[in-house]
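S.K.: Single-letter residue listing:
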Amino acid sequence: MAASETWRLRPGQTLQYRQWDGECILYNDLSGDTHLLGDGAVELLLTLRRGPATRAALAAVLQAEFDLEPAELDLETDTLLHDLQHLNLIDTLAC
Amino acid sequence: MATQNRQPSETDPVASIPQADAAQPTASDSLSAKGASRRRFTRAGAGAAGVLLTLHSQPGMACTYCGVSASAAVSAVGQNKAVGTLSHHGPAPVCNGLDPLAWNKTAWPAGCSPTDPFSKHFSCNIGSAYAAASCNQIMHGAPFDSTKMAKYMLAAYLNVLSGRINFLTVESLRSVWSEWVAKGYYAPMAGQKWYANDIVTYLYGTMD
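Line order of the protein sequences matches chains A and B. Each residue of the first sequence is one higher than the one before, counting from 474 in this note's numbering. Each residue of the second sequence is one higher than the one before, counting from 191 in this note's numbering.
Don't read these hints as lab results, they were simulated from the structure. Be aware that a few hints might be false.
To be verified - A few chain B residues that don't get close to chain A, going by computed Cβ distances all over 12 Å:
| no. | residue |
| --- | --- |
| 1 | Ser313 |
| 2 | Ser324 |
| 3 | Asn326 |
| 4 | Ser352 |
| 5 | Arg364 |
| 6 | Ala377 |
| 7 | Pro378 |
| 8 | Gly381 |
| 9 | Gln382 |
| 10 | Trp384 |
| 11 | Asp398 |
What the hints assert, rightly or not - Cβ-Cβ distance ranges computed for the label pairs, FRET-style:
| no. | chain 1 | residue 1 | chain 2 | residue 2 | range |
| --- | --- | --- | --- | --- | --- |
| 12 | A | Arg522 | B | Pro307 | 54 to 60 Å |
| 13 | A | Asp540 | B | Thr391 | 28 to 34 Å |
| 14 | B | Ser303 | A | Asp540 | 54 to 60 Å |
| 15 | B | Gly374 | A | Pro543 | 43 to 49 Å |
| 16 | B | Pro299 | A | Pro525 | 24 to 30 Å |
| 17 | B | Arg364 | A | Asp540 | 16 to 22 Å |
| 18 | A | Ala475 | B | Gly317 | 23 to 29 Å |
Unchecked claim - Calculated from the model, a selection of chain B residues having no Cβ within reach of chain A, i.e. all distances over 12 Å:
| no. | residue |
| --- | --- |
| 19 | Gly240 |
| 20 | Leu242 |
| 21 | Lys295 |
| 22 | Pro307 |
| 23 | Asn315 |
| 24 | Pro333 |
| 25 | Leu351 |
| 26 | Gly353 |
| 27 | Ser365 |
| 28 | Gly374 |
| 29 | Gly395 |
For each residue, glycine too, the CB sits at the ideal point set by N, CA and C.
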């Protein structure tokens, strides 16, 4: 994924969730499913709730918040974005 | 479900946005303090800090936000009326939507008049029957709207404009409509297609 790629919450998602230590359950407004998410996914969603952000910015959020080795950062960021996109929680901005 | 027997923490890190610099540590201890405050990913393999589990809703169209869908009841996250008093994060959902019949007897909110062309609010293919119809015609049941797709879409639109529901947006409704017009279905997620009847069922579920 390109570092400049811009991500956003998918329209219609309101991020109704409850959070416990390290895990969170979140209701998907579009699918009706309920997801059990880890801290990393939650951080990305909360960041995107404030507005669209680039992949680089989202990676920086993960780096600031979590104890991630630099080598892991890219893989974890891409994995999280891919998974959240697959669930239609987020998508990219076409611009 | 994995979280079933757990109790929410009193110090729930709700809606916490990364605050790595909040403590403003001194230069001498900044690295250690920051390191201590940073969390570790749950290590069960790559991506374990991401999506751990999905509890699927009922097959078909279960996203009945204003009713008690299976997932909403189990998770207590879908803020339907029955669980609306539970603590939650984000705006409290409002579920007072009117159905098309009710809108035929109720004053419409600012932003949409019964005499407006339907195409003023929802994009329509040029020359289509929808493009030539007024909102009032749609709401009263136009013969070409046999699936009632436009009728329920317009009612949901009025519910959003009037603030009777707050978990859908004008943008999201138009997105669903446009995708349906273009493809004949709306895909809320990969591998799932909502045809007109599915969409109408969903929209109906947002109305009292």
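S.K.: Provide an ascending list of the numbers of those earlier hints which the structure does not satisfy.
M.R.: 5, 6, 7, 8, 9, 10, 12, 13, 17, 18, 19, 20, 27 and 29
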